[in-house]
Amino acid sequence: VILDPPSFARDRKSRPAAERAYVRLNRLALRCLRSGGLLASASCTSQVSPQAFREALAEAARREDRRLITVYEAGQAVDHPVPVHFPEARYLKFVLSRVMPVL
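FYI, our numbering numbers position 7 of the sequence shown as 7, with every residue one higher than the one before it.
A few of these clues could be false.
Simulated DEER-style distance windows between Cβ atoms [said to hold, decoys possible]: (1) R10 x A40: 21 to 27 Å; (2) R34 x R10: 32 to 38 Å; (3) L25 x I69: 18 to 24 Å.
Since the hints were derived computationally from the structure, they do not count as laboratory data. Glycine is no exception: its CB is placed at the ideal position from the N, C-alpha and C atoms.
Work the whole structure out from these sequences, hints included.
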């Protein structure tokens, strides 16, 4: 399953709602996958950090009684440079995970 939603957060006020939306969306995707399936999940907002995005994936897996094994993780390519003084420019996040049952 590939998830590439539009930006869920345009400002700091919408960050909590965006994080909840990532959990909800990934939970729905996990329900479509059998053990061993692949979940490709992306985020394109600077308001949700890479760590918060990974935490949303982990929370979705926990709530669905699944375990996610990260196969690949990436941000934007070199043609989207991130200035040192503007870390918010690091807005693209991508995680490819294998879905496993809870041990």
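So, going through the hints one by one against the coordinates:
1. R10 x A40: 21 to 27 Å: At 24 Å between Cβs, range holds.
2. R34 x R10: 32 to 38 Å: For R10 against R34, whose Cβ atoms are near 35 Å apart, the range 32 to 38 Å holds.
3. L25 x I69: 18 to 24 Å: Holds, at about 19 Å.
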